[in-house]
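Novice: So the chains spell out like this:
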Amino acid sequence: MYAVETFELSKFYSHGRIKALQDFSLQVEKGKIFSLLGPNGAGKTTLIKVLIGIVHQTSGHAKLLNQSINKVSVHKKIGYLAENHRFPEFLSAHQILHYYGKMAGLGPSQLKKQIPALLKTVNLHRWENVKIRKYSKGMMQRLGLAHALLNEPELIFLDEPTDGIDPVGRRQIRDLLKSLRDEGVTIFVNSHLLSEVERMSDEVAILKQGKLIQRGTVEDFISIKEQYQIRLDSADTMQNICNDMKVPIKRENDLFTVSVQDDQQLNRLIDRLRQSKTMILAVIPKKITLEDYFIDIIEDKKGESD
Amino acid sequence: MKFLSIVQLTFRESLAKKTFIAFLIISTIINLLFLLALNLDIVDGMQSSISIFGEQTDQIINLQEIIYGVEGFVAVMLFTVGIFMALFATSGLIPTLLQPGFIDLFISKPVSRFEILSGRYLGAVAIVALNIFYLVIGTWLIMSLKTGIWNFGFLLGGALIVLTFAILFALMTLLGIVSKSGPLSLMITYLILFFSPLLKQRDSIYALLSSKIYGQIIDGLYYFLPKTSELGSITQRLTRGLEINTWTPLWTSLAFGIFIFLLSAYIFQRKNF
Ligand SMILES: Nc1ncnc2c1ncn2[C@@H]1O[C@H](COP(=O)(O)OP(=O)(O)O)[C@@H](O)[C@H]1O
Ligand SMILES: [Mg+2]
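So the protein lines, in turn, are chains X and E. Each residue of the first sequence is one higher than the one before, starting from 1 at the first, in my numbering. Each residue of the second sequence is one higher than the one before, starting from 1 at the first, in my numbering.
No lab work stands behind these hints, which were simulated from the structure alone. Be a bit skeptical, because a hint or two may be false.
[Claimed, not checked] Label-pair restraints from in silico Cβ distances:
#1 E:137 / X:175: 55 to 63 angstroms
#2 E:178 / X:17: 45 to 53 angstroms
#3 E:180 / X:179: 35 to 43 angstroms
#4 E:88 / X:76: 33 to 41 angstroms
#5 E:17 / X:130: 18 to 26 angstroms
#6 E:114 / X:295: 42 to 50 angstroms
#7 E:206 / X:8: 54 to 62 angstroms
Ideal Cβ placement from N, Cα and C applies to all residues, glycine included.
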């Protein structure tokens, strides 16, 4: 059983002119931190909105915790932090958690237990009785997070959760999410910030123009392409050896950039170069980060092929 | 519990607007006036002499007339100014609900969209009912205790005023969902409110029309739209203890309200946010 399952989900806006999501199929395992990464406008928010029922899909279907998304009862087990959430301004954090907790189906005793604990968790307990119109963006975001955790959900959707939060706060949120994950909660994060995703995710999927481009673990992404720059005194044999070894290569004068599978392949390449008596002047590691890979993907215009 | 919290939140939201506080203050002042300024010296049983602000009038007045006069006045004020203000104060509730980032939080809860809209609707009706009955029951108690005459028709009149608001608010709900604009839905609702007396007088308009078709359209509009003008008369007659000749305007207006609300719910159900 998966936490999230989508089957060729599509969502078109403006009578089909905007294809926010196209034939999107995905399974997210339970108990993982899953991140959906993509530039602005990729369709990340649209996906979460379809899953929660805020927008209706154009075609396809989806399940949350093995229940159809058409049934609102599954929302009992779900938490949601909206991208630009808006609470009634005239209420305090405590009042907001009270009203929305009730709406989530919590009884008086659960509210009494949950609200102070959560306010403490997100570090708003000293502000709990202040009207939220006095709150900063970061405080609002933390309140939104507390709101998403009220019903002790099994599955949490967070749309750009660290938006507007300072680095210390970000770290606290990451730690909080990791500890929730360790308790078995599934966390689905939307983000356009790679550095965030890289630090906390178990799995990553990249979305571009409504299409799923790639998915895997963070390690998968980083190790897909280890790049090295190799400087040689003569370029004669390099091209042939690389073709032979099926190593992708780019050339700028005497500087070659090769993308190898791993260190072993790199060493085999060096062995072959040395056997052919080529003088190696330098081997410079250019370890690709998820960020580079991400930018590569966006700029490669992958997914735009049709 | 879940549904109730939506009603409560709407109620709380309305209360945060100054309009309702102003309304409650005005109601309190009116009630205090009746309580302190109106002195009735019961002469014998059903007759009394009356003094307002200590000014004694020499006339001996029928108690029943005093009751009908005061309560009838309050009913008329509530039906006109009261409903006008209530519509004004609640016109933003539906567009606010639909705001991006706000509606999301409701939908993410284990409540259906129908429950969300109904909760919002009932919350608005509840706060207006509270305001109206605060004044109605206050006036009723004061007048009844002073005269010993308990005019239950006035309470029924109060209920009818709330019902009229509820019907008009259904229309404002529909307009709010379609236009997402509070001022626009308010203006169109006012227009229909003012149209009602005109449509009631449609017999005198027929002569001015060039074609029979227009007459039929006007007839159609009359039967379809809420008949606020007639509802106003029924409220008056209820308050004054008069016989009601026909309840038909109430039933057709009620049918309009229910139809419009269900239509709103249908459109709301299909919307993307
Ligand atoms: N309500 C809407 N009407 C029309 N287009 C929309 C609507 N919501 C989103 N879009 C479009 O759909 C695309 C995906 O948007 P979104 O899901 O918000 O992307 P992301 O969250 O990845 O930034 C964008 O091109 C956006 O302009
Ligand atoms: Mg987004």
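Novice: Now, for every hint given, state plainly whether the structure supports it.
Specialist: Results of checking the hints against the structure:
1. E:137 / X:175: 55 to 63 angstroms: holds (56 angstroms)
2. E:178 / X:17: 45 to 53 angstroms: violated (22 angstroms)
3. E:180 / X:179: 35 to 43 angstroms: holds (41 angstroms)
4. E:88 / X:76: 33 to 41 angstroms: holds (38 angstroms)
5. E:17 / X:130: 18 to 26 angstroms: holds (21 angstroms)
6. E:114 / X:295: 42 to 50 angstroms: holds (46 angstroms)
7. E:206 / X:8: 54 to 62 angstroms: holds (60 angstroms)
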